[in-house]
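Protein chains: 2
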Amino acid sequence: MSLQIYNTLSRKKEKFTPIKKGEVGIYVCGPTVYGHAHIGHAKSYVSFDVIVRYLKNSEYKVKYVQNLTDVGHLVGDVDEGEDKIEKQSKIEHKHPMEIAEYYTRSYFEDMDKLNNFRPDISPRASGHITEQIEIIKNLIENNFAYKKNGSVYFDVSKFKNYGKLSNRTIDELTEGTRVKVVKEKNNPADFALWKKAERGHIMQWQSPWGSGYPGWHIECSAMSMKYLGKSFDIHGGGIENQFPHHECEIAQSEASTKKLFVKYWMHNNMVTVDGKKMGKSLGNFTTLKNAFKKFDAMTIRFFILQSHYRSTLDFSEQAIVAAKKGYDKLNNVYKKLKQSSIENKFGEESISIKTYNDDFKSAMDDDFNTPQAIAVLFDLAKGINTILSSDKLLNKKSLNEVLSFFTNNGESILGLFVEDEPKKDNKIESELIELLIETRNQARKLKQFTLSDLIRNKLGEIGIILEDKKEKTEWKKQE
Amino acid sequence: MSLQIYNTLSRKKEKFTPIKKGEVGIYVCGPTVYGHAHIGHAKSYVSFDVIVRYLKNSEYKVKYVQNLTDVGHLVGDVDEGEDKIEKQSKIEHKHPMEIAEYYTRSYFEDMDKLNNFRPDISPRASGHITEQIEIIKNLIENNFAYKKNGSVYFDVSKFKNYGKLSNRTIDELTEGTRVKVVKEKNNPADFALWKKAERGHIMQWQSPWGSGYPGWHIECSAMSMKYLGKSFDIHGGGIENQFPHHECEIAQSEASTKKLFVKYWMHNNMVTVDGKKMGKSLGNFTTLKNAFKKFDAMTIRFFILQSHYRSTLDFSEQAIVAAKKGYDKLNNVYKKLKQSSIENKFGEESISIKTYNDDFKSAMDDDFNTPQAIAVLFDLAKGINTILSSDKLLNKKSLNEVLSFFTNNGESILGLFVEDEPKKDNKIESELIELLIETRNQARKLKQFTLSDLIRNKLGEIGIILEDKKEKTEWKKQE
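Quick note, the sequences are listed as chains A and B, same order.
Using the working numbering, read the first sequence as starting at 526 and increasing by one per residue.
Using the working numbering, read the second sequence as starting at 526 and increasing by one per residue.
By construction, these hints were calculated from the structure, which means they are not laboratory data.
Don't take every hint at face value.
If several chains are the same, the list does not tell them apart, and a pair holds so long as it fits within one copy or across any two.
Stated by the list, open to error - Here are the computed lysine-lysine pairs in the BS3-like style, where the Cα-Cα straight-line distance is at most 25 Å:
hint, residue 1, residue 2
1, LYS581, LYS619
2, LYS546, LYS619
3, LYS662, LYS879
4, LYS546, LYS615
5, LYS638, LYS814
All of these numbers come straight from a predicted model, not from anything done at the bench.
Working from the sequences, and respecting the hints, build out all of it.
Shown next, in the form of structure tokens:
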């Protein structure tokens, strides 16, 4: 089987065939940088990170663009009102660009912790005003857009495919509650490409239509096409952006280029709390910075990947605690195998890795089914644990194959099993523990049992557990 | 005495009086992001970091803007030829913006290691095309600039103060060797504001003069004035940018606003290797990433601050090794004092901190004389060492005052004494070492000297040195 991707455009899984052989251009809607990232962001960006990792691993040359929205995204996702960044800048008494800078840094800090690859290009909306103006000029010239009092609107009635992504008709939209009525629009379903800056609006630029700022949707058309071309392979984002954001992107882009904008539209589902959507405006969100205080970033990543990107993810501490147990099981098996390999400890047991590899690939080829892929890891771990618990060991060939399986699939593709602590420090720590074990063994030989017990007990207090095995004493950290 | 700043405009130290009481706007020319940062960058950005830290500590509200040049900086710093980023993008087979993204990240990684504060805003040149075009339009309208074949040049003969920063006359410039002759210029000393994109030039934008890209100098005028206003307090940069870069910035900005552009111009001197300028194009540069392999970032920071920002810094490994010795001395004294405070160990000795505080402030107020400020730290450390080496201790009041001195001046202002390792790991490590010391003491009590010697010797191998003091055994890491 080859890679199948669920395409929102067709509402079904389709065989993935990139526009240019061997290359993939992917654009994912990035955050609006006016607050710290929350679990909802983590779900979206971990999901697309694994998609990018899998494509890279499938030997595609991938160009991954993810924007940063630092202007034009208005409160309530509508066409009139306050800019989210500017609003925050008033609260913090800072320039809007200081706000954008601060939360951009915070965003990447969190994404780095989650072990997400950095995008190849992270374009900023405010950095592409010229490009946005060019598209708007083209749309006006070709009669897809009209000027009104210094603003410019897209005329949805002129674009016959409007609604092809969200399956909405213009009539539905006109009556819809989400479309706030802006009086100067010809049709309530029309959307802003350029807004005249009202008095006191800090973020504004000169344009052929006077001083103003771009609409929220146009930025993604401008930035994606600038770096990936007029037609590109994958556009990703949260399901809540299907309409109006992505529908509008299609309209603007295809009206201006007369070409297919995006071949595959992919949408991740949302994070819920007790079944309700998690969101900043809903007040029930957990920032990643807070989550990281309680849980390792790897646990959160694993928790996210245990559900499919198109499924909702219900967030609760109990659910993460449960995920941690599973993750630790896998991680411990992997660690033991690495240790055996370092110490050249082999046995007679063999495991055939081929089925596991095939199953992992099938799962990922089936629209990036990460829960299924993780189930394959558990299957393998179970098989290995059966061997190890009966005091047997894998032979050299099997050990190497199993290690490769974990490295390629668990580390490279799923992005798991990264150590939180830097290795340099671990080294001295391990040496000190080994010295304590050696001292304890000497003390026991000298029949100084008070001393040997002291070492064992105090190590336990520090969180280091000793296990006396036949040949040597092993240690592990308390979980 | 109040703060005196050497102003390149007047070639003398001037009392610092900000334009708006209590607030400081500072713009520092940032890197052109087409390669990893080297020691030269470290000197410039550590110098200005300390300046920003000192101003913040003096209770100014500081806005620190430092740009990222991702377009328009041509090879050889001239007006014709290849863009540095685009050239690198061809070498690496990447989009120019991928190059900019990659080296921007690398730059901040290195600056974070050096413990430089992040600027409040890090604007990108390519993100301010609209703003640059607006200034150029204004200059053409006011007859300071002229169009030629799709490019726009600034007419230096129209700006009477041209040369006020670098003290050069236009006649000298016209004959100068650094001004490469571009035929279409009216005067060889004129400089490019906008360049027509030649065939195949990837980075280009639409403008009223056709498709092209901004000149190198205009970006800094556009970005500094956008975020700091038409007139602001401090503009910093490397001495090599005095001419033409900063001279041109003044001409463009003042011609377009009719206002004073910058009140204080500050220039850091360069890094030399065997007396010759260090530079990427000269092939004698050391990247910070390479330097960090051999030396702690704190050592490099200290090494830089041991010379004044307006002095040249001669780079050699021997010089850094020598700096490390000094830095370790200070750091060890500070650590001992912190340890005494944690353990509530006080004695009878007192030190009057006032003179040291006054001397530190005088040094910093004298155009940020960091070598002199560091000398004050050494004086104080010497006094403390005299006390400690005669087995005496500071009383509680003196200990607290001395600790405040180190924290306020050493940590907050000079940005020194930051631990490289995360504290979390240090904790377990310390606990393990303390357990080994306890075990060794028990072994000695039990007259098991082979065992106690084993512990001492093996710890030595790991790099932990024990020192038996009267009351307890202390430990330190081998240097």
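Exercise. What are the numbers of the hints that this structure violates, sorted from low to high?
Worked result: 3
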